[in-house]
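Peer 1: Sequence:
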Amino acid sequence: MPGNGEAVTRRTGTRSRRGEGPAPVLSRGVVVLFAVACGAAVANVYFSQPLLVTMGHDLAMSPALVGSVVTLTQVGYGLGLFFLVPLGDVADRRRLIVAQLLLLVVALTVVAAADTAAVLLAGMAATGLLAVVTQTLVAFAASLAPPAARGRVVGLVTSGVVVGILLARTASGLMADLAGWRSVYLASASLTALLALVLYRVLPRRGDAPPTTLRYGQLLRSTITLFARERLLRLRALFGLLVFAAFSTLWSSIALPLSEAPYFLSHSAIGALGLIGVAGALAATVAGRLNDRGLSRRTTGIALALLAASWLPLAFTRTSLWALFAGVILLDLAVQAVHVTNQTLIYALHPEAGSRLIGGYMVFYSIGSATGAIAATSLYTVAGWGAVCALGAAFSCLGLALWACTRHSIPEPVTGATSGGEG
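Mind the numbering: the sequence shown is residues -8 to 414 in our numbering, read in order.
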């Protein structure tokens, strides 16, 4: 591949058993590029949340119609996970990623230029659909990483996803205050176009044949077949559903108590809380290294215990911001640790079906996120913050109980240089 991809890898001189050519070793700089691209792409799903009122006023939308902006974006993302992400197993991932990013630029431009509610909603649905390029990037990074370092690579790349989610609301709120809500999507379109160009130049070309010759319909059916066949995949998908239900329980409702007495915080101040969560998310990258050492099972148990414990300080949010900060860091660290472990383990089941495995797993992530958001906001209205914390703790404890009941009953694949047996 002269002139393309030199920055991505250095060649080890060994060839894989699948005939994919010399095994690549990702440089740290390119792993960071993957993480930045993931964060930038997934942030588009969450930019609209602090902008809904402004969008509604600008386009004369009813409150119900404004609410559908978030719904359509999430629906588009869910559809993309099932219908687009599996294409990474049959298409050249480099071309697929660049094509999706360029189409995402078009969708973001449509949103920024929307002059009617119908155009805005169509653009937001398309934005959600194409933002799943995030998961194609994760699968590609995992495929390029050597098995002994795959957990570390997945950990760094998925940190970008969590950071993108946490900072999206903060960034969009600040930019909207400075230059209007349309500037958020114009800036994102520009950044996405730049990333498409950089990734086109940096990512390696794969000259070998696609790992599978399945037709599209067969590809989608095989995703379901993988879930039916692999018990570990089903278990890890349930872990993902529960931890992201807990994650969404906090982040979809935390603005409610903070905007009331005794704090009365502004939207910008509440959005800045995402900066605290980033500290926890970045600290959890150590989970990837633990997976590479064969400690996946233990890492999951410790993280789920921390997730359950995080709700104790969070319950004191109304009386102490320090308790809130401690709970946020613990929760985001725990969620990220479980998420990294899940993705590392499921990819190791069938590397040739990595996109299908990750896409299918992320469907459960979306279900958990939606469940937590709907339940938390509804519960706060009728029972207050204490009930929301009880809900989050229930999701967390259910995950911990599931781990305790299954930790020795399901063998885990080898993900790194050491065996996965922990005793």
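Don't read these hints as lab results, they were simulated from the structure.
We treat Cβ as the ideally placed atom computed from N, Cα and C, and that holds for glycine.
Treat the hints loosely; a few may be bogus.
[Claimed, not checked] Per label pair, the in silico range of CB-to-CB distance: (1) V110 <-> V373: 23 to 29 Å; (2) E251 <-> V110: 52 to 58 Å; (3) T368 <-> A219: 30 to 36 Å; (4) S174 <-> A381: 38 to 44 Å; (5) G292 <-> Y207: 25 to 31 Å; (6) A252 <-> I215: 47 to 53 Å; (7) P54 <-> A260: 42 to 48 Å; (8) W313 <-> A104: 21 to 27 Å; (9) S250 <-> G20: 47 to 53 Å; (10) L43 <-> A263: 15 to 21 Å.
Peer 1: Each hint needs a verdict: does it hold in this structure or not?
Peer 2: Comparing the hints with the structure gives:
Separation of V110 from V373 is about 36 Å and departs from the stated range, judged on CB atoms against 23 to 29 Å. Checking the proposed 52 to 58 Å range against E251 and V110 shows it is violated: the Cβ atoms sit about 36 Å from each other. In this structure the supplied range 30 to 36 Å holds for T368 paired with A219, their Cβ-Cβ distance being about 34 Å. A C-beta distance of roughly 40 Å is found between S174 and A381, which places it inside the suggested range of 38 to 44 Å.
At roughly 39 Å, the beta carbons of G292 and Y207 sit outside the given window of 25 to 31 Å. Roughly 50 Å separates the CB atoms of A252 and I215, a value that falls within the hinted 47 to 53 Å. The hinted window of 42 to 48 Å between P54 and A260 is violated, with their beta carbons roughly 24 Å apart. Take W313 and A104: their Cβ atoms lie about 44 Å apart, and the range 21 to 27 Å is violated.
Range check, S250 to G20: about 41 Å between beta-carbon atoms, so the 47 to 53 Å window is missed. Separated by about 19 Å at the C-beta atoms, L43 and A263 satisfy the suggested range of 15 to 21 Å.
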